[in-house]
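Chemist: For reference, the chains in residue letters:
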Amino acid sequence: MMRMFVLLAAVIALARPAVAASTPAELVQELNRAAHSGDVDAFTAAMSAASRQAMADAEAAGAKLAAARNDFLLTLATRFGSAPTGSIARVPIADRKALLSRFANIELVSVDNQSADHAQLHLKTVTKGFGDRTVATEDTLPAVNEGGDWKLDLTGVTQSVIGTAAQRTAALTQVAQAIRANAFKDRFSAQVALSKARRGLAPGGTSR
Amino acid sequence: MKRSFGVAFSAMAAAFLLSGCPQGTIKSITLSPSQTNGTSQYWYSQNAYCDVSLPGQGLFTNGLGPQTTGPGEAYSGFEDIYNRGADPFPCIEQQQTLYRGQVFFDLSRFDSIGSATLSFNVENSLAENGGVNPQIPAVSNATTLGMSTGTIDTSNGPGYWNYDNDVPMPSCSGGLIQPNCSIEVISQVQSWVGHAHLNFGFVIAGPILNFPNDLPSDNNGNVTWYNNFQLVIVYNTTQNPRAPQ
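As they're listed, the protein sequences go chains R and U. The numbering used here numbers the first residue of the first sequence as 1 and each following residue consecutively. The numbering used here numbers the first residue of the second sequence as 1 and each following residue consecutively.
So here's chain R without its partners, still in its complex pose (with noise of 0.2 Å):
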């Protein structure tokens, strides 16, 4: 037990960030610090708890969509079989630190202070997109005080992005189960379905 405590600790004590936020100001400077940086550890701190365990949670759902990525195409091939296929992503998001890179700057628009735990964040980010285009977008964000941190809490946003990696997953497991019971008379058809689901239609009426 007691060294079970003497873990989370460290744990936490590894979590926090650099410089604590006794305010929304101060919060956004610390996530403009990490971003820049390229602190993954204290951009992650500067999350709320729920927040940093539904990013778990969403790691999770990516590990289990890519098992069952990788199901499909093994089940597709020992069915139809397969011919060698290179695949070659243009934008690579290699590395979160490579993900912090591609914020240019957040900037705290104005604070809506709900109580003395809670506030609404209008922030304003600058994202580096497509072909190093810069993009600015302003949304309102929920903060959380947590023993006088200011945290982030994205915990909202990442329950979204959970729930769509699980409904991929789902039409993966879905497709490949169809092909392991003889669903489809060839190849084409189960490729027809995936792509139904892909687009989030019905993959049904190419079966045979």
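Simulated from the structure, these hints should not be mistaken for lab results. Heads up, some of the hints might be wrong.
To be verified - Here are the in silico distance ranges between beta carbons for each label pair:
#1 T78(R) x T238(U): 26 to 32 Å
#2 I152(U) x G163(R): 31 to 37 Å
#3 S112(U) x T78(R): 25 to 31 Å
#4 N213(U) x G156(R): 30 to 36 Å
#5 R180(R) x P134(U): 20 to 26 Å
#6 S155(U) x A170(R): 22 to 28 Å
#7 I136(U) x A49(R): 51 to 57 Å
#8 A49(R) x P134(U): 48 to 54 Å
#9 N129(U) x K124(R): 33 to 39 Å
#10 Q35(U) x K124(R): 49 to 55 Å
#11 H195(U) x L74(R): 36 to 42 Å
Claimed, not checked - Every beta carbon over 12 Å from chain U, so not counted as near; a handful from chain R, in silico:
#12 A20
#13 S22
#14 R33
#15 L108
#16 S110
#17 V111
#18 Q114
#19 S115
#20 A116
#21 H118
#22 A119
#23 E146
#24 R180
#25 A183
#26 D186
Note that beta-carbon positions come from the ideal geometry of N, C-alpha and C, so glycine has one too.
With chain R fixed as given, assemble chain U onto it according to the hints.
Modeler: Just chain U now, kept in the frame of chain R:
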């Protein structure tokens, strides 16, 4: 029927020209490809909401992965995917995937040829515009036939993407008479057998050849799968002593 006549006419014309040679026998051979490949590239964009919520792991949730090819197949086409996301924190995703096919024939036994005709079937095709519709009969969406300039590195190993000396692809569609598409390729094949160009095979590309400056905000797509590739070569046996006599 018109295409079949075109192939036959080309072969006869080549035989006629080659018959002027003093020796040897005019022969025709049908080659099957030594390899077929499909390669895709995708360019994507996602807004800050997607990034913030998933800082890393490369989890780009858009789409379910690129289309695949079966044995002996090559594909060509494109797919756009646009997800507006859901309020109040819309994770906006845009992606365009371009598909290109590659077909390689072993021509190492030939030194000089009289004619060369590439034939194949337009096997299947998809039209995507909000829905996903198999095209019946299948339609060839490729617009360009190029000479591959070699491989590039992809996440799945070497892929064939770049090309030169491109010519327009004919308009073809699937049908009962097969092969249902053919194109004269004597200049390409002669370049390969004459060692004027390294032989990395043909690249089939289009209708979109390059990524646009702005990723499209639509869900359009056209992808065609081709198979049953054949290369019909007419040659003089005297000029090709290593070829079947």
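Chemist: Next step is simple, just say for each hint if it's right about the structure.
Modeler: Verification of the hints:
| no. | hint | in the structure |
| --- | --- | --- |
| 1 | T78(R) x T238(U): 26 to 32 Å | violated, 49 Å |
| 2 | I152(U) x G163(R): 31 to 37 Å | holds, 36 Å |
| 3 | S112(U) x T78(R): 25 to 31 Å | violated, 44 Å |
| 4 | N213(U) x G156(R): 30 to 36 Å | holds, 33 Å |
| 5 | R180(R) x P134(U): 20 to 26 Å | holds, 22 Å |
| 6 | S155(U) x A170(R): 22 to 28 Å | holds, 24 Å |
| 7 | I136(U) x A49(R): 51 to 57 Å | holds, 55 Å |
| 8 | A49(R) x P134(U): 48 to 54 Å | holds, 49 Å |
| 9 | N129(U) x K124(R): 33 to 39 Å | holds, 36 Å |
| 10 | Q35(U) x K124(R): 49 to 55 Å | holds, 52 Å |
| 11 | H195(U) x L74(R): 36 to 42 Å | holds, 41 Å |
| 12 | A20 | holds, 21 Å |
| 13 | S22 | holds, 22 Å |
| 14 | R33 | holds, 15 Å |
| 15 | L108 | holds, 15 Å |
| 16 | S110 | holds, 17 Å |
| 17 | V111 | holds, 18 Å |
| 18 | Q114 | holds, 16 Å |
| 19 | S115 | holds, 20 Å |
| 20 | A116 | holds, 24 Å |
| 21 | H118 | holds, 16 Å |
| 22 | A119 | holds, 16 Å |
| 23 | E146 | holds, 18 Å |
| 24 | R180 | holds, 17 Å |
| 25 | A183 | holds, 16 Å |
| 26 | D186 | violated, 8 Å |
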